[in-house]
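> Got chain A; can you put chains B and C on it based on the hints?
Chains as they are written, first to last, in this note's numbering: chain A, 2 to 972; chain B, 440 to 513; chain C, 321 to 531.
Any given hint could be a false lead.
Said to hold, decoys possible - Here are a few chain A residues that face chain C, going by a calculated C-beta distance under 8 Å:
(1) A118
(2) P249
(3) V250
(4) A278
(5) E282
(6) V845
(7) R907
Hints listed in this document are in silico derivations from the structure and should not be mistaken for laboratory results.
Heads up, the beta-carbon is just placed ideally off N, CA and C, and yes, glycines get one too.
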Amino acid sequence: MLVKRSSGKAPRGSLLRALSGDFNGAGNLESGVSRRGFLRRSGLAAGGIAAIGALPAAMIRRSEAGPVLPDVELVTRKNVCTHCSVGCTVIAEVQNGVWVGQEPGWESPINQGTHCAKGASVRELTKGTRRVKYPLKLVDGEWKRLSWDQAIEEIGTRLLEIRQASGPDAVFWLGSAKFSNEGAYLYRKLAAFWGTNNVDHQARICHSTTVAGVANTWGYGAMTNSYNDIQNSKALLIVGGNPAEAHPVSLQHMLRGKEHNRAPFIVIDPRFTRTAAHATEYVRIRPGTDIPIAWGLLWHIFENGWEDKEYIRQRVYGMDEIRAEVRKWTPEEVERVTGVPGSQVRRVAEAIARNKPSTVIWCMGITQHTVGTANVRALSILQLALGNIGVEGGGANIYRGHCNVQGATDFGLDVTTLPAYYGLAEGAWKHFGRVWDVDYDYLKGRFGSKDLMEAKGIPTTRWFDAVLARPDQIDQPSPLRAMVCFGHGGNTVTRMPEMIKGLEKLSLLVIADPHPTTFAAIKERRDGTYILPTCTQFETDGSRTCSNRSMQWGEKVVEPIFESKDDYTIMYLLARKLGFADEMFKHITVEETRPVPEDILREMNRGCLAIGATGQSPERLKMHMKHQADFDKITMRATSGPCAGDYYGLPWPCWGHPEIRHPGSAILYDTSKSVMDGGGGFRARFGVERNGVSLLADGSYPKGSEIEDGYPEFTMAVLRKLGWDKDLTPEEMRVVEAVGGGKTDEVSWQTDLSMGIIRVALKHGCVPYGNAKARAVAWSLPDPVPVHREPIYSPRPDLVKAYPAIEDRRDFRLVQLARSLQFKAAESDLRGKFPMVLTSGRLVEYEGGGEETRSNPWLAELQQSMFAEINRKDAERLGIRDGSWIWVHGPENAGRAKVRALVTDRVGTGTVFMPFHFSGQWQGDSLRRNYPPDTDPIVLGEPVNGVTTYGYDPVTFMQETKVTLCRVEPA
Amino acid sequence: MKPEEPGQKAGPRQKAGLERRDLLKSLGLGAAGAAAATVMPHGTAQAAESPRDQVKARYRETDHVKRFYALNRL
Amino acid sequence: MARMKFLCDAERCIECNACVTACKNEHEVPWGINRRRVVTLDDGVPGERSISMACMHCNDPPCAAVCPVDCFIQTADGVVLHSKDLCIGCGYCFYACPFGAPQYPQTTNFGSRGKMDKCTFCAGGPEADGSVEEYQKYGSNRLAEGKLPLCAEMCSTRALMAGDGEVLADIYQERSARRGYGSGAAGWSVAYGQHDRGSPFAPGGPSTGGA
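Bound-form chain A, shown alone (with noise of 0.2 Å):
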């Protein structure tokens, strides 16, 4: 059996001792940790008892949740799964008030009835054992309980204390990509009633750099395609992401592709990942040298003539420069840099460019670099050498991380922009008090100044470096005083000792999540921390948006457990405290004190116009999830029933108003259909001409659309000019000439609240956003073509004076470092004392900073060690053993973290691969005493980034993860 490319070991014999057990060793925990090492010893359960003694006694308790009783009522709930970006359906069976089964729902068109572990798993988030179970507030080190009111006053209080002395900039409002559309929009508002633009949530440490790389160079920061479509790709290239991993069902989707098509499964990545094991063909690169690889394809695909010259000509600008810099990657060049032979990336060059379409899929191997905008750029622009974006099968297919972590994105969770990426110039105030009824100059009130208003703030990767500056390294009145913090791991940013000085510094810090985080568990910190117990989406109803851009209602399923609420209650309860509820709140329905999700909802339909996110009414939301089964498990699409014609979720953009009943974008900047078909062309976002060059397309546009040619976003001017005006009613007049207020000609479709402007041009079969070219040279981004940089700790010295950091710099408020600290790593000879390079990644059964799903005894069971990767060869130098205890020591503030060894082929020699979803030990001590009672996670071990590094990407302030130096020794 399993001879398909086996290595020649005899499998039968492996596959019998692994699955006997080691029946006498079965207690010995130092018998490996090879990743399910705890289950190869558990044949006869020995394994397992020497578990339960380790274990807190909450965790084998009896559920009340047991079998499905007879002769009750047992109602089905329909919601989404709350982690990953796929969007999996969770069917949930209730009986009494209680989550007693999970079925598969069959009619979903995206996960068909499958989960992960994970989503396997869901139901136990709703038992709950490790939760937190009602607020708390940590007196001298010590947990006191107390009540929701006294909590809020209290929390309020110092809150507007610190408003008084410090302005509204000194706090720091993180949200979180588990938050739904509705709460992510509303705590986005909450920031600014508040007055500050320092409101930020994961996506900054995940794909801030997709979003600002793929917005940059066509239009929109998002998936063009969808995971479904990928079944049409004729090769899969996957770089930097790890899906059989990090979004398991998506897989069903990738090999039923390579499967029907026979299709080349590429994977690159400095890893052999379980991805990889299912690859056709698997490279493996030195990490942090992704711009050389895809320059290294380019160079093949130029030299060969394999790019799409049509393509080019209608839909690109600025190639020739990009095959200036391409030309410089030779073969001989890449390998020198990357590793890889020449040989294998013309192989893959070939392979991508004489199987199209072919689709391009990265996850954050590409985005959490120092360059990681520049990567993602470079990806793209390969798939527009190869005229695959806008095509089925094609796409640059970006496989977010949370469930919601787009949704969050879009409706403007970030430091950077308002809600739909309208941005915090004057403008978007003004477009967004319309939106909410408040007059702008109650907005710029709110704020410490207009300058302030209008300035990206500060983002979550160096928050404490905002706690701790001097007055003269921070661009605002006052460092940082207070965090509040909802639904974010505290063990996910790089540099954690001096993250933990940053928190020992905060005078408040306010936690709302389902469970204590690592904030909670830091030693140092000994009062002012407030811990909100809030239930997860499945206590609660809204909408999110998976990584294809469909938005799916999750239907509440039980009652939010213990005394949590759900995040609209507490943002309500905080605002009113605070003392702008009735302003916020003006046109959304309070029921007691929970906001009406649905009411939030259409608020955001009135006013998200720039991404299209006003089709997607909750009634249509709601209608899509009753009748998915009508939609078609490939293109997604309705082919009967009330949704039919519509795309499963009203992927975005989904124009106009709800009654226009646009079907959604599936595909993004698809030519080959109409606009009310889901059609569109590549975003006019940045101008129209450059250097005596048009920037909008040359003869390619959207099916059955009356201008035949590029042209520009529609506004009033742009509808006058073509005699559309007339097409508008009177009472859309009405509001343009209101909006204008003297200047009509200036409003256009993003600002136009009737949105008839786009009604019209919808009408004469073209998109509003206009029709352009993609730019391959973005000329606003500090590197305007793409160039390789080396890591700021890079393991090739040799390299740094040829592909120097970008210069230090100041942004978001603070300096940024990068070719000094560079410069000095590698003129120190930091490699003699780290030698290999470390990088980071996930693991299937936890999901970002892990408390949740480590809490999970069902996934807690699967994975009960933390631990590092390290190659044969490298272990067999150092004497390591597979499984024994080992330092791993990082080149900053002494980082350093007690894991246990894997040793294993998967990662190469020199490298050194841990997961980054565990915490609650530090340096070797359990800081299991410090979190609350009962809500300690079933599994501790130590955060990966107490020994990751300084660097950051220019655009986005993404942090560098993936790419440091370390140095391994036994423990």
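Just chains B and C now, kept in the frame of chain A:
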């Protein structure tokens, strides 16, 4: 707010007590502790199947099952 | 009559462990007992393949052959069940099983390991179908509800299949023919004997690497 669900919001202290007892049950007796769920309460009538019923076929090719097969063919 | 079988397609299995947690979830299986688990061969090197393993519900099951108290029952559709009322926790079945399926809640040098627990193909045990007693001892009985084992129903990539062996063999054959190769249906010949369908793409056929 809706009324609290029974059995779901018991005070934490009370809950901890229950959990400890359950631990003893599943560790101590080992009898039905092996079972998927928990020890059977005393005095519950056994609803054993007759020997013939025990070996009867349980599988039926329902719509649910047909759907599963169809999805596996994709 | 339909014969219930499991089939794990190693070309699809990505070791995501959904089958493992689905099983825990469906039957409230306690910590330390693993009715199902995923086994990986050649971990971390090209050729790495994973398969999900549990009780295969064999023809002529060896566990039943060695059981001193005769606690096993095989249903007409091939599912191997056992009676926890009869089981004495001797552990013989564990040694007999080629798949390491039987699990025990405790370990002692002498005496009982507790009542054996294993995969029931989501078919409960020798208690009345769907009764509370049945659930408490063996977990839920999906087969009687007209459903299939939840591990297979929830498998992320449709690697693990459960149901009528004839149908599964057909599906596997279609997949192998589509791919032009197979990697064998792990455990099939051990559990169900040599396959005689004759097609090169049938589970265990020559184009699938045999089993």
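> Return the status of the interface hint for A:V845: holds when the least beta-carbon distance to chain C is below 8 Å, violated otherwise.
It holds, given that the least Cβ distance between A:V845 and chain C is near 5 Å, below 8 Å.
> If you take the shortest Cβ to Cβ gap from A:E282 to chain C, is it below 8 Å?
Hint on A:E282: violated, closest Cβ of chain C at ~10 Å, above 8 Å.
> Return the status of the interface hint for A:A118: holds when the least beta-carbon distance to chain C is below 8 Å, violated otherwise.
holds (4 Å)
> Just to be careful: measuring from the Cβ of A:A278 to every Cβ in chain C, is the smallest value less than 8 Å?
This hint holds: A:A278 lies near chain C, its Cβ roughly 4 Å from the closest one there, short of 8 Å.
> Should the hint that A:P249 touches chain C count as held when the rule is a Cβ pair under 8 Å?
holds (4 Å)
> Take the shortest C-beta to C-beta distance between A:R907 and chain C; is it under 8 Å?
holds (3 Å)
> Would you check whether A:V250 satisfies its interface hint, that is, whether its CB is within less than 8 Å of any CB in chain C?
holds (5 Å)
Hint check: a violation occurs at hint 5 only; the rest are consistent with the structure.
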